[in-house]
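K.L.:
Hints given; two lone chains; assemble the complex.
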Amino acid sequence: MSMKTSTRQVDGVTIVDCSGRITLGEGSVVLRDAVRDLLSKGQKKILLNLGEVTYIDSSGIGELVSAFTTVRNQGGELKLLNLTKKVHDLLQITKLYTVFDVKDDETAAIKAFK
Amino acid sequence: MTEQRVSLTLDSTLETVDSAEQAANRIATEAGFGDDEIMQISMAVREAAVNAVLHGNAYDPEKKVKLEFENNGKELVITIRDQGKGLDPAKIPDPLAPENLLKTSGRGIFLIRSFMDEVQIQPSHTGTEIKLIKHVPGTSGAGKEASQ
Numbered sequence: 001m002s003m004k005t006s007t008r009q010v011d012g013v014t015i016v017d018c019s020g021r022i023t024l025g026e027g028s029v030v031l032r033d034a035v036r037d038l039l040s041k042g043q044k045k046i047l048l049n050l051g052e053v054t055y056i057d058s059s060g061i062g063e064l065v066s067a068f069t070t071v072r073n074q075g076g077e078l079k080l081l082n083l084t085k086k087v088h089d090l091l092q093i094t095k096l097y098t099v100f101d102v103k104d105d106e107t108a109a110i111k112a113f114k
Numbered sequence: 115m116t117e118q119r120v121s122l123t124l125d126s127t128l129e130t131v132d133s134a135e136q137a138a139n140r141i142a143t144e145a146g147f148g149d150d151e152i153m154q155i156s157m158a159v160r161e162a163a164v165n166a167v168l169h170g171n172a173y174d175p176e177k178k179v180k181l182e183f184e185n186n187g188k189e190l191v192i193t194i195r196d197q198g199k200g201l202d203p204a205k206i207p208d209p210l211a212p213e214n215l216l217k218t219s220g221r222g223i224f225l226i227r228s229f230m231d232e233v234q235i236q237p238s239h240t241g242t243e244i245k246l247i248k249h250v251p252g253t254s255g256a257g258k259e260a261s262q
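Taken in order, these protein sequences are the chains called V and H.
If you're matching positions, the first sequence starts at 1 in the working numbering and goes up one per residue.
If you're matching positions, the second sequence starts at 115 in the working numbering and goes up one per residue.
Be aware that one or more of the hints could be misleading.
Beyond 10 Å from chain V on every Cβ pair, some chain H residues (computed) [unchecked claim]:
{"id": "1", "residue": "Ala172"}
{"id": "2", "residue": "Lys205"}
{"id": "3", "residue": "His249"}
Covered by chain H, according to a simulated footprint, are these stretches of chain V (three or more residues, beta-carbon under 8 Å) [said to hold, decoys possible]:
{"id": "4", "segment": "61–71"}
{"id": "5", "segment": "94–106"}
No lab work stands behind these hints, which were simulated from the structure alone.
Predicted model, so just to flag it, every value in this text is computed and none were measured.
Idealized CB from N, CA, C, for every residue including glycine.
The shape of chain H in the complex, shown without the other chains (with noise of 0.2 Å):
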């Protein structure tokens, strides 16, 4: 497995949010991936930029979203970094409640962290941090999937 780093400059636009998917699923399949855990990796790159062009930087022209891809060999580590007021995870409301099933949004982070091994999300005031984690197949850390 060869070792790869991709860092991404993004504006806040829609467009982003193809590009980044695009970028994860083209990556994640370099990778080594099944289809399944491919689209689950690109779906959730996509739902952490609509967060960053959205919610974080507010399509400010100003402010950029930066998209960083890592795979070590034992695990691909996506960072998605924006410039916006910064995310608190503790709010965000659970879909899963009754209350929240019909609500039109608020799925994103529940999708994120249903797709990947690992979701770190760190805010701060000069925006927000998160940071996506799928273990490469083959490798000890590899296996979530197979197990559900």
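Only chain V is shown next, with the shape it has when bound in the complex (with noise of 0.2 Å):
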């Protein structure tokens, strides 16, 4: 299953449903592309939804800082949402769990952004 997003807004925060697997090639490009081109509206409070992400490799971790980075260079903020235990396992074991601000709830999130 390839990479799929779609986005969404609430109270000025954008939300990126992402669905299906975010690996090197097609599944990281997609997410970098959406993530640019909502920087490029100025859109830069943007909360990633992985809840429906089966699957990500080290090229998917690498996508993932690379959007938390851009877009707190930018002076924005992203912030992760209903990580799978896959995801929340890697995090974890590549110390990024604590580099991320990750939330399990959309209402608690959405309220967190500045």
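P.N.:
Given below as structure tokens:
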């Protein structure tokens, strides 16, 4: 299953619902393009909903890091929502879990944006 | 447990990475590993295949990736060889070091080592061979995960 994204706006926050695999190649490019597109439109409060992401490899992890730093460098915020156990475990062992702001409740996540 | 050996010779393409992962998933399932271990093995093989295709063979259509699975009943031994310049494991930065945490690459070998029971990397000027070993469940060597 390839990576797909769709976006929606809630209280000034752009929620990117991601599904499929974030892996080397198409999956990573889809995520990169989605974040770049939002930033180009001035949408800098981004909540990545990873609840339907079934698989992520080291390239996908790198893409999440890239998205996080790119948004932050432009004065925005990027948070992660609804990690699956697989993604959660990967972020734990790579010590990235505490780098990202990870949420498991959409309403609380939206309120957490400045 | 039936002993099994599977050998594949693959092109240096992204499709090879997916093929390697799918083969690992199938063979690990047949070997009797649990869901978590199957995911770990298939991801380790995927990461090794990525290294072989990208960093080893650099997508060179003349160069191949050789993949071998051997289940001897006690261990699943997976060997991945490329025809690149040779990867020096000593030069791989620690992805957990604070200065490397926000790097966008460099986690593949770390994940492989995290997921497999043994990892042997043998670089040479004709390419890199990486051997991934996972103890088969129910054998004397198994149980690394259970103790974590």
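K.L.:
Does each hint hold? Answer for all of them.
P.N.:
Evaluated hints:
1. Ala172: 14 Å, holds
2. Lys205: Since the minimum Cβ distance to chain V is about 17 Å, H/Lys205 lies beyond 10 Å and the statement holds.
3. His249: Fine: 20 Å to the nearest Cβ keeps H/His249 off the interface.
4. 61–71: Three-residue rule met by the segment 61–71 of chain V, so holds; n is 7.
5. 94–106: holds (count 4)
Every hint, counting from the list given before, is met by this structure.
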